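Those protein sequence lines, which keep their order, are chains A and B.
Each residue of the first sequence is one higher than the last, beginning at 1 in our numbering.
Each residue of the second sequence is one higher than the last, beginning at 1 in our numbering.
For the record, the hints were derived by calculation from the structure and aren't laboratory data.
Heads up, a few of these hints could be off.
Here are the simulated distance ranges between beta carbons [unchecked claim]:
no. : chain 1 : residue 1 : chain 2 : residue 2 : range
1   : B       : Leu203    : A       : Lys231    : 49 to 55 Å
2   : B       : Ile285    : A       : Ser21     : 27 to 33 Å
3   : A       : Asn14     : B       : Gly341    : 27 to 33 Å
4   : A       : Asn14     : B       : Arg338    : 25 to 31 Å
Straight-line Cα separation of at most 27 Å, DSSO-like style, residue types lysine-lysine; simulated pairs [said to hold, decoys possible]:
no. : chain 1 : residue 1 : chain 2 : residue 2
5   : B       : Lys372    : B       : Lys202
6   : B       : Lys41     : B       : Lys190
7   : A       : Lys231    : A       : Lys50
8   : B       : Lys275    : A       : Lys16
9   : A       : Lys241    : B       : Lys275
10  : B       : Lys275    : A       : Lys193
11  : A       : Lys16     : A       : Lys193
12  : A       : Lys193    : A       : Lys32
13  : A       : Lys2      : A       : Lys247
14  : B       : Lys143    : B       : Lys190
15  : A       : Lys50     : B       : Lys143
16  : B       : Lys107    : A       : Lys231
17  : B       : Lys107    : A       : Lys193
18  : A       : Lys231    : A       : Lys247
These numbers come from a predicted model, not from an experiment.
Even glycine gets a Cβ: it sits at the ideal position worked out from N, Cα and C.
One letter stands for each residue in the lines below.
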Amino acid sequence: MKVLVPVKRVIDANIKVRVKSDQSGVELNNVKMAMNPFCEIAVEEAIRLKEAGAAEEIVLVTAGIRQSQETLRSGLAMGADRGILIETDEALEPLAVAKLLKAVVEREEPGLVLLGKQAIDGDNNQTGQMLAGLLNWSIGSFVSKLETGDGSISVVREVDGGLEKVRLKSPAIVTVDLRLNEPRYASLPNIMKAKKKPIDMFTPEDLGVGVAPRVTVLKVVEPPARDAGVKVSSAAELVEKLRQEAKVI
Amino acid sequence: MNTPIPDPDDALILDSIDRFLERDVRPVVRELEANDVYPQKIVDQLVELGLFGATIAPEYGGLGLSAETYAKIIERISAVWMSVSGFFNSHLIMAAAVQRFGRDEQKQQFLPRFASGELRGGIALTEPDCGTDLQAIRTRAVKDGEEYVVNGTKTWITNSSAGGILAVLVKTDVNTQPPHRGMSLLLVEKGPGFTVTRKLDKLGYRGIDTAELVFEDCRVPATNLVGDTEGRGLQQILAGLELGRINIAARGVGIARVCLEESLAYAQHRQSFGKPIGEHQSIQIKLADMATRVESARLLTESAARAYDSGERCDMEAGMAKLFASEAAVSNSLEAMRIHGAYGYSKEFNIERYYRDAPLLAIGEGTNELQKIIIAKQLIERSRV
Ligand SMILES: Cc1cc2nc3c(=O)[nH]c(=O)nc-3n(C[C@H](O)[C@H](O)[C@H](O)COP(=O)(O)OP(=O)(O)OC[C@H]3O[C@@H](n4cnc5c(N)ncnc54)[C@H](O)[C@@H]3O)c2cc1C
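Next comes chain B alone, as it looks inside the complex:
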């Protein structure tokens, strides 16, 4: 199946991305992935390509790409190695929170360094005891003069070990009701009191660092609070997650597509009972379902990205795209494995990697169960009787 020809503005960008992937990523994926090696050279190339500033505004040195273009980049990368999209995605969610809600000096202080890739990071929300229910976090930040003192534990934090900064969701007030009014977002740079305790060993999404962190009397300048006032942290980070969900959806499109493409090729080569397996009806049905999922997932993702670009509220659209495209990736990777038979199960083919990478998409940036809750709530709110 052909990917549609992009308009000229996107064409040059996507062409560079394709060349980077073919030349510098594809040949090394299998080895780096198998050994869970942090691909420093690839990260350096992402810096060089400008991707750490992809969605940051040009006035801060970023590229100011639309979510629509961004999603196309993510789709392409994920069709080669999903982990590569992770190095700059949570970094850009952090940047989006600063760009949308930060004070002017704060934007000047951080955004140019985020955009150039000199200072890289991610977002630290999840804790050992809570992920979906973020209002239950226990990490605290207590104001002490011109500083906050942070104490607590975060886990499953991507880019935390290799990165230099994180947007950390903390409680600045534990007594307020509802609890989110007591939650704030703090930019915490690596330093005393901020320890990475353990790198996590994962089923998929390997190569990229996901780790457990401890903050122990970690002192952060009070000016690193995102925005003017405490108590806005949850909304600030949830707003950034809209882009995050479009990104997850685009990853889903990429994986679902490559599973289809590899299956289509295989089904025409592999013979059984005197004909290519692609001529057996049960394989054809699989291919038809896979292709339909790819196309639907892409359209939902494009439409969510367009809604995001137009500045409309798009939590429902982003949620639908994320839900559908991630499930498409999970289904297509399993179908691809069946079509490939034993070779799908082999470490010498890519299919088993897609099969291990895809389920993260159903969990990260809000589980699919949570997406359904968001979608349903919005549906009712938008059509009250």
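Next comes chain A alone, as it looks inside the complex:
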């Protein structure tokens, strides 16, 4: 089975995000970028499938500016086999990404597409579902456990009421949640080897997909600053404050 893993370049999760002074978006200049943590979990799961003999090839794909190659490299260093960059300077919306991915799926014909459930920048949580809709494939979202069997994939989904076990018909789409695994860090020799792994380049036009945005961002602002909390010295004082000031009891 071939596994396709779409990955996204985002601001490193440990960096404090700042809004640009003209409020047109968040500041990306001179900011450390990294692979979206949920995408890393997807890459890790694909590598584990390969190590267990359930997958033969892992192909990474990303859409974005040229520097997104670095994101592909970091996944290749973890253990993926090759990468695809769909290069565009356009701000991509989930539907555009899903359409690009559909075109890649049609070329690559993977048995499984593993994605993060969302990216930590826009928190959209849409791409995997839209891709499943466009392809008319089965999908398991918010997955915290995955097993492959004969012609099917069993997953455990983290849903509001608890855990839901689902069997998916292959080929399938799976979007992964936080508890699926803990991604490895690449060893230095593997980082060196990753420099030699192939990355194919396309543009959205090559794939015949229009990616012009449909949504206009009017303004991006910082969340309102919260006042500092107060320390109370006793339970009695706390109850008093909840009653008199917060008026919640």
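Starting from the known structure of chain A, fit chain B with the ligand onto it as the hints suggest.
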């Protein structure tokens, strides 16, 4: 303060190092350090990460990293736990001597095993009666057919108890003048006649093994002599020490930086007389001095590493970086302790560990007194009137 964003080539490497440190080192430092436990699991992870081959050439299975990248790795590690950088540093100095001066078969025989971490070791120069004055060593190697017979005592040798091999500085001729012409470097693997007599108990740099060794009629194949001829040992090891000094400088940057970072955070939280202590001018002056030392130390270290990478002679540059950055670490750890008040003195905070680790940097790989001598000699030599 932000560490600068590395270029993409280094970024992946440094990212892996950071994750390793956060996931596998930081949570266990305090306990391992307090009990002086050899962190076998961490050493296994260093093998896995490839760090025992960091500066060994790719043709021998190493990563061939530049000194500049290497220094950035060391800085990061030392900002979490300095001891972790020690497991592969003296190992790589040994490897550098073999790679630069060894014979071809010797390189084939040893370097791939050094690079994979299968065979790990360090350098054995210091003796009970001499450290700075290495020409006064007494360990002897006498040729007997196809072997050398080694007798003598070495002390303060890092990686000697857990490692399997050492580059040992010996005298092959005790009558030659100057004495260094009678000194050679021998690769000695663990075996009969090579005993670790005592593990040393240290103020800091704990967890890593530093020990005293005795060689008693220890027989070593004559082919383990580094290079073709006897009498080159001191130069061979001093050349490797340039990288060693860049490493010490990078450790200094790491410790000086983490002392600053923890102080900066603390100074904004801790209140006295109705405001954060960071708003008192005397604390601000400390922070400003600490930050300036970090920045200067880093720039000196980067510039020495670049000189090393370009193949230029860099004993003066490496000496300056080592001198300044190690003193920066010593000063910043004491300033951090003052800023933290009693908590700085507490075993429950990291500051007291930085304060115990930092002074080694002023002593190891050539004391700072010796660095000044090296710097001054080079200054005069490079600008003779
Ligand atoms: C934790 C630790 C790990 C170590 N690991 C290793 C190792 O792996 N391998 C190894 O070989 N060694 C190792 N050493 C030893 C270290 O390299 C020596 O301690 C160092 O070189 C200084 O030598 P010394 O201790 O004999 O001091 P000495 O040489 O006795 O010096 C004592 C003092 O006199 C000063 N001094 C000496 N000569 C002069 C001079 N000409 N002019 C001015 N001042 C001078 C020195 O600067 C110092 O202040 C280690 C030491 C420590 C503490």
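Okay, the hints, checked on the actual structure:
| no. | hint | verdict |
| --- | --- | --- |
| 1 | B/Leu203 to A/Lys231: 49 to 55 Å | 39 Å, violated |
| 2 | B/Ile285 to A/Ser21: 27 to 33 Å | 32 Å, holds |
| 3 | A/Asn14 to B/Gly341: 27 to 33 Å | 29 Å, holds |
| 4 | A/Asn14 to B/Arg338: 25 to 31 Å | 29 Å, holds |
| 5 | B/Lys372 to B/Lys202 | 26 Å, holds |
| 6 | B/Lys41 to B/Lys190 | 22 Å, holds |
| 7 | A/Lys231 to A/Lys50 | 52 Å, violated |
| 8 | B/Lys275 to A/Lys16 | 25 Å, holds |
| 9 | A/Lys241 to B/Lys275 | 25 Å, holds |
| 10 | B/Lys275 to A/Lys193 | 53 Å, violated |
| 11 | A/Lys16 to A/Lys193 | 32 Å, violated |
| 12 | A/Lys193 to A/Lys32 | 23 Å, holds |
| 13 | A/Lys2 to A/Lys247 | 58 Å, violated |
| 14 | B/Lys143 to B/Lys190 | 19 Å, holds |
| 15 | A/Lys50 to B/Lys143 | 55 Å, violated |
| 16 | B/Lys107 to A/Lys231 | 65 Å, violated |
| 17 | B/Lys107 to A/Lys193 | 23 Å, holds |
| 18 | A/Lys231 to A/Lys247 | 18 Å, holds |
Violated hints for the displayed structure, listed by number in ascending order: 1, 7, 10, 11, 13, 15 and 16.
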